[in-house]
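Spelled out from the first residue to the last, the chains are:
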Amino acid sequence: MVQQLVANGIIAGSIYALIALGFALIYRTVKFFHFAHGVVYTVGAYLAYTFTITVGIDPLVSFFLAVILAGVMGLGIDRLVYYPLRRQKASDLIFLLASFGIFIFIQNLIQLLYGAQILTLRRGPIVEGHHVLGTIITNTQILILVTSILLSVALWLYVKHSKLGKSIRAVSDDPVAASIVGINPERVIGLSFFIGSMLAGAAGILISLETNLEPTMGFTAILKGIIAAIIGGIGSIPGAVFGGYFLGMAENLGIWKIQAGWKDAIAFGILILFLLVRPGGIMGIPTERERL
Amino acid sequence: MSTILQISNLSKSFDGIQALNRVSLDLPRGKISAVIGPNGAGKTTLFNVLTGFLTPDEGEVSLGGKIIEDMRPHKLALLGIGRTFQNVRLFAQMTVLDNLLLAMKNPKGVSLWAALARPQIMQAEEHANRARGLELLELFRLADKAGELAENLSSGQSKLVEFARLLALNTDILLLDEPMAGLYPEMIETLKKTMQALITQGKTILFVEHNINVVMDISDHIVVLNHGQKIAEGPPQEIRKDEKVIEAYLGKRQDASA
Numbered sequence: 000m001v002q003q004l005v006a007n008g009i010i011a012g013s014i015y016a017l018i019a020l021g022f023a024l025i026y027r028t029v030k031f032f033h034f035a036h037g038v039v040y041t042v043g044a045y046l047a048y049t050f051t052i053t054v055g056i057d058p059l060v061s062f063f064l065a066v067i068l069a070g071v072m073g074l075g076i077d078r079l080v081y082y083p084l085r086r087q088k089a090s091d092l093i094f095l096l097a098s099f100g101i102f103i104f105i106q107n108l109i110q111l112l113y114g115a116q117i118l119t120l121r122r123g124p125i126v127e128g129h130h131v132l133g134t135i136i137t138n139t140q141i142l143i144l145v146t147s148i149l150l151s152v153a154l155w156l157y158v159k160h161s162k163l164g165k166s167i168r169a170v171s172d173d174p175v176a177a178s179i180v181g182i183n184p185e186r187v188i189g190l191s192f193f194i195g196s197m198l199a200g201a202a203g204i205l206i207s208l209e210t211n212l213e214p215t216m217g218f219t220a221i222l223k224g225i226i227a228a229i230i231g232g233i234g235s236i237p238g239a240v241f242g243g244y245f246l247g248m249a250e251n252l253g254i255w256k257i258q259a260g261w262k263d264a265i266a267f268g269i270l271i272l273f274l275l276v277r278p279g280g281i282m283g284i285p286t287e288r289e290r291l
Numbered sequence: 000m001s002t003i004l005q006i007s008n009l010s011k012s013f014d015g016i017q018a019l020n021r022v023s024l025d026l027p028r029g030k031i032s033a034v035i036g037p038n039g040a041g042k043t044t045l046f047n048v049l050t051g052f053l054t055p056d057e058g059e060v061s062l063g064g065k066i067i068e069d070m071r072p073h074k075l076a077l078l079g080i081g082r083t084f085q086n087v088r089l090f091a092q093m094t095v096l097d098n099l100l101l102a103m104k105n106p107k108g109v110s111l112w113a114a115l116a117r118p119q120i121m122q123a124e125e126h127a128n129r130a131r132g133l134e135l136l137e138l139f140r141l142a143d144k145a146g147e148l149a150e151n152l153s154s155g156q157s158k159l160v161e162f163a164r165l166l167a168l169n170t171d172i173l174l175l176d177e178p179m180a181g182l183y184p185e186m187i188e189t190l191k192k193t194m195q196a197l198i199t200q201g202k203t204i205l206f207v208e209h210n211i212n213v214v215m216d217i218s219d220h221i222v223v224l225n226h227g228q229k230i231a232e233g234p235p236q237e238i239r240k241d242e243k244v245i246e247a248y249l250g251k252r253q254d255a256s257a
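Listed in order, the protein sequences are those of chains W and X. All residue numbers for the first sequence refer to numbering that gives the first Met the number 0, where the first residue is 0 and numbers rise by one. All residue numbers for the second sequence refer to numbering that gives the first Met the number 0, where the first residue is 0 and numbers rise by one.
It should be emphasised that the hints constitute simulated quantities derived from the structure, not laboratory data. Cβ atoms here follow ideal geometry from the backbone N, Cα and C, with glycine treated the same way. Fair warning: there could be bad hints in the mix.
[To be verified] Dumping the calculated BS3-like pairs for lysine-lysine here, alpha-carbon to alpha-carbon at most 27 Å:
no. : chain 1 : residue 1 : chain 2 : residue 2
1   : W       : Lys162    : X       : Lys65
2   : W       : Lys159    : X       : Lys30
3   : X       : Lys30     : X       : Lys191
4   : X       : Lys191    : W       : Lys162
5   : W       : Lys159    : X       : Lys144
6   : W       : Lys159    : X       : Lys74
7   : W       : Lys162    : X       : Lys192
8   : X       : Lys104    : X       : Lys65
9   : X       : Lys192    : X       : Lys104
10  : W       : Lys88     : X       : Lys74
11  : W       : Lys30     : X       : Lys65
[Stated by the list, open to error] Simulated DEER-style distance windows between Cβ atoms:
no. : chain 1 : residue 1 : chain 2 : residue 2 : range
12  : X       : Gly64     : W       : Tyr113    : 56 to 62 Å
13  : X       : Glu134    : W       : Lys30     : 46 to 52 Å
14  : X       : Gly64     : W       : Phe99     : 49 to 55 Å
[To be verified] These stretches of chain X come out as covered by chain W in the derived footprint (C-beta under 8 Å, 3 or more residues):
no. : region
15  : 87–96
16  : 140–146
Could you put together the complete structure from these sequences and hints?
Right, here's the structure in full:
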């Protein structure tokens, strides 16, 4: 029983980590809550559905296309909505409201196009999973775990070592200073939206292989992603991954002795606890107050 | 004497206040030029326009005889116009050395692919950049701070690191906004020598400074602004004697020190 809960925690954590990673990457450069990140996740899943089921393209090619398009969509949201707001020097509240607006608008659009019912990406009979250490793990779950780890490590290495990664750190630190050393902050912001949104799209596709698609799936996903990012330390790349797995584990081990319906309550309980005790997260920079 | 940067008829106003009023000036190549003037004369506004942080209401800027069309800050930095700020802008969450490394150009273009495909070349380059960074820090006796987070520096140290970062960027034109303010006398001497050494390397400097002795001492050319207008321009000896300048600026100072 415990082993299965741990396994479930790891799988859920892999998805949370991917969402939190993209969210954190974007947060680092723009410093506001890109809530619409959740709907990019939904769109990734629905695009994959459209390509594989409706059009009938090879699943791997479909997923690849859907991930790229999710990236393009994130970039589009930034250029069409956030960029004009940045030019007007809009406040954080305006950005957050705009982000909610985009989220609801696109979610409703999906509902209009695909209907509110549950769809499924899976095809063929359900195959029994592998027995590993007293747990049952499906191939899909292995795929989720491996993809999530690979993408997390790749992104972490990229941000740590590449020129772009250094540019992201620079823009995150001070966009004005970045521009005087020849870094174009807008380009860096655009790239972080593109890469971050691809991660959200990938997470959306992976989860719909495991469960189902519905237009509102992005809402819980982004909430969990944000909680994971805050637990890990907002804006920190390794923190987002850690926070994702921590949240997945806590949720699943938390329901060991109590009903499964408490999962979300556990997640938000942890969020409130962190906000009260350590708002800077585990790997984040301690806030002024914590340092004193 | 050739002109490297030509500024023609720059105007900029904020809420009805004319911060720059049809300012034109030719920045001589390979010389130290200073902009002086009382507070609110438009010196920092001029710098902000020249580095793309403000869009002028009218006028244009030419570099090496060519009008600069794209005046975005990063473009100007890449074209060879670098600057420091009156209120220092460092990457606070990075180490002092990383601040300098970010400004250095990587000719091979450090993409992830390059990093994976040619790690030796990357390492050699990184190594050379680090050595160069430490050398620049040593100029201001800050090499021992290389690993320190920039936010932990004193304001004087931050100022010097920002200047070292500008040297790391290695632009042809250096715009320095009050580089000496808040520095102790010994460091001011070092900074003066560094500025003069840069000129022998062919760099062009334009700086804003309130320390009039420093200005008179090292400038080849002085521009005087008052209420957004250029009221005088010339070598230090002439500026010292200029009636309008004495009235607007130097006169007040002499009164104050008398």
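Exercise. Regarding the pair Lys159 of chain W and Lys74 of chain X, is the alpha-carbon distance no greater than 27 Å?
Worked result: holds, 25 Å
Exercise. Is the Cα-Cα distance between Lys159 of chain W and Lys30 of chain X 27 Å or less?
Worked result: violated, 40 Å
For this session: Go ahead and decide if the range 56 to 62 Å is satisfied by the Cβ distance of Gly64 of chain X to Tyr113 of chain W.
Result: With a Cβ separation near 60 Å, Gly64 of chain X and Tyr113 of chain W satisfy 56 to 62 Å, so the hint holds.
For this session: Count residues of the region 140–146 of chain X with a Cβ under 8 Å from any Cβ of chain W, then say if the count reaches three.
Result: violated (count 0)
Exercise. Can the suggested window of 49 to 55 Å be confirmed for the beta-carbon pair Gly64 of chain X and Phe99 of chain W?
Worked result: Once the Cβ atoms are compared, 51 Å apart, the range 49 to 55 Å for Phe99 of chain W and Gly64 of chain X holds.
Problem set entry | Given coverage of the region 87–96 of chain X by chain W, checked by CB-CB distance under 8 Å (3 or more) | holds (count 6)
Exercise. Holds or violated: Lys104 of chain X with Lys65 of chain X, Cα cutoff 27 Å?
Worked result: At roughly 24 Å apart (the allowed maximum being 27 Å), Lys65 of chain X and Lys104 of chain X satisfy the hint.
Problem set entry | Hint consistency between Lys162 of chain W and Lys65 of chain X [alpha-carbon to alpha-carbon, up to 27 Å] | Measuring from Cα to Cα gives roughly 30 Å; hence the hint is violated.
Exercise. Is it true that the CA of Lys30 of chain W sits at most 27 Å from the CA of Lys65 of chain X?
Worked result: Violated, at roughly 38 Å.
Exercise. Between Lys162 of chain W and Lys192 of chain X, is the straight-line Cα distance small enough, at 27 Å or below?
Worked result: violated, 33 Å
For this session: For Glu134 of chain X and Lys30 of chain W, compare the CB-CB distance with the range 46 to 52 Å and indicate the outcome.
Result: With a Cβ separation near 35 Å, Glu134 of chain X and Lys30 of chain W fall outside 46 to 52 Å, so the hint is violated.
Problem set entry | 27 Å Cα cutoff - pair Lys192 of chain X, Lys104 of chain X | This hinted pair holds, its Cα atoms lying about 25 Å apart.
In summary, the structure is inconsistent with hints 1, 2, 4, 7, 11, 13, 16 from the numbered list given earlier, while agreeing with the others.
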